[in-house]
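Undergrad: With the hints as extra help, turn the sequences into a complete structure.
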Amino acid sequence: IELLSIRHPMTLFIDQKGFSVPLNDFHLKNLNFSYGRLNVNQITCCSKDTTLTVLPLIDFKVEETMDLFFAPLELSMKKGKMTINRTEFLLNQALHLALWGDLDFSSNNANITLGLTAQSLQKTLGIRDLDSRYVLKVPVQGPFNALKIDKKAALGKIALLLGERALPENRLTELLNCLLYTSPSPPD
Numbered sequence: 002i003e004l005l006s007i008r009h010p011m012t013l014f015i016d017q018k019g020f021s022v023p024l025n026d027f028h029l030k031n032l033n034f035s036y037g038r039l040n041v042n043q044i045t046c047c048s049k050d051t052t053l054t055v056l057p058l059i060d061f062k063v064e065e066t067m068d069l070f071f072a073p074l075e076l077s078m079k080k081g082k083m084t085i086n087r088t089e090f091l092l093n094q095a096l097h098l099a100l101w102g103d104l105d106f107s108s109n110n111a112n113i114t115l116g117l118t119a120q121s122l123q124k125t126l127g128i129r130d131l132d133s134r135y136v137l138k139v140p141v142q143g144p145f146n147a148l149k150i151d152k153k154a155a156l157g158k159i160a161l162l163l164g165e166r167a168l169p170e171n172r173l174t175e176l177l178n179c180l181l182y183t184s185p186s187p188p189d
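According to this note's numbering, the stretch in the sequence shown is residues 2 to 189, in order.
No lab work stands behind these hints: they were computed from the structure.
Worth double-checking, as some hints may not be accurate.
[Said to hold, decoys possible] Calculated pairs, DSS-like style, for lysine-lysine (alpha carbon to alpha carbon, straight line, at most 30 Å): (1) K152 to K124; (2) K82 to K158; (3) K30 to K79.
TA: Given below as structure tokens:
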């Protein structure tokens, strides 16, 4: 994915309360602030792929260019660890996603959560009747240059959502009890 344009200038506000940075060793890992707000607004990107795989099973068709609309990111930073409060973004005015977590600039590692909203799950997988506030939380971790989505966790949660809707409630409860509380049978 390549950045093509930024619709409005990005703005960054950092509150002076709790702000410090040593001038003799200037680096992100030495920056501290209690509150910051990054407003990215809208960006347009280019992708060679016409299918964006958000997660296993969730493919989203995109044109050669795609628009991303971001809500402002509220964040703080202490001793090289940036915490991003939940923020939301919209892909091509269609796929609604959320993001929050920590970026550690001392170790160049991320521990964030990608949230798929009820609207996104309905649009991509056809999962209906979710509370409009529902968010499927998927861990994303690793070095900045090699982030890994926890695909097993994502698939397990998606399977559970699909199973809940496909099976009658009493059958689903019976199935879960069987899976959770039955000890494996000994080998023959």
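Undergrad: Now tell me if each hint is right for this structure.
TA: Hints, verified against the model:
1. For the hint pairing K152 with K124, the CA-to-CA distance comes to about 20 Å; that is within 30 Å, so the pair holds.
2. Between the alpha carbons of K82 and K158 the distance comes to roughly 29 Å, so the proposed pair stays at or under 30 Å and holds.
3. Annotation: proposed proximity of K30 to K79 holds, straight-line Cα distance about 8 Å (limit 30 Å).
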